[in-house]
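Based on the sequences and whatever the hints tell you, model everything.
Everything in the sequence shown is counted per the UniProt record's numbering, starting at 1 for the first residue and increasing by one.
No false leads were slipped in.
Taking lysine-lysine pairs in the BS3-like style, the calculated list, with each CA pair at most 25 Å apart, reads:
| # | residue 1 | residue 2 |
| --- | --- | --- |
| 1 | K5 | K64 |
| 2 | K5 | K123 |
| 3 | K5 | K56 |
Since the hints were derived computationally from the structure, they do not count as laboratory data.
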Amino acid sequence: MSYHKLLLVTAAAFGVVGVFMGGHMAGSGGPALRPIHAHVLVVGWLTLAVWSMYYKVYRPAPGKLAFFQVWSGIIGTIGLCTGMYVFMLSPFNLPELFTLLYYIISGSILMISFFLFFIMALKTPDNETA
Numbered sequence: 001m002s003y004h005k006l007l008l009v010t011a012a013a014f015g016v017v018g019v020f021m022g023g024h025m026a027g028s029g030g031p032a033l034r035p036i037h038a039h040v041l042v043v044g045w046l047t048l049a050v051w052s053m054y055y056k057v058y059r060p061a062p063g064k065l066a067f068f069q070v071w072s073g074i075i076g077t078i079g080l081c082t083g084m085y086v087f088m089l090s091p092f093n094l095p096e097l098f099t100l101l102y103y104i105i106s107g108s109i110l111m112i113s114f115f116l117f118f119i120m121a122l123k124t125p126d127n128e129t130a
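Set out below in structure tokens:
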């Protein structure tokens, strides 16, 4: 699967999760999921969809930089959102240190992906013609 398709499908999955989380919060009236819901939609749905468009429009050369950017983005986003969930709501009674480290490490992986995307964006030639 191409990077733009992989990112688009992953973004769509986060969109579905975000919609159900929003529906649950609206129905229950509880704000407990609000920060997780925001990250699912902004990082999971919006950011991954924008990255998908970048890969479709600019078609950067496949290589290690693109590979690590895409996969660190997907892994970091999944980890950050699930890490927030297990850290903030503690649904499985896991040790707090484990959930905190899971949350922080996943967020750090996502930060690396943003940095790699920044490098790719700088290296991408401008395809516009005047």
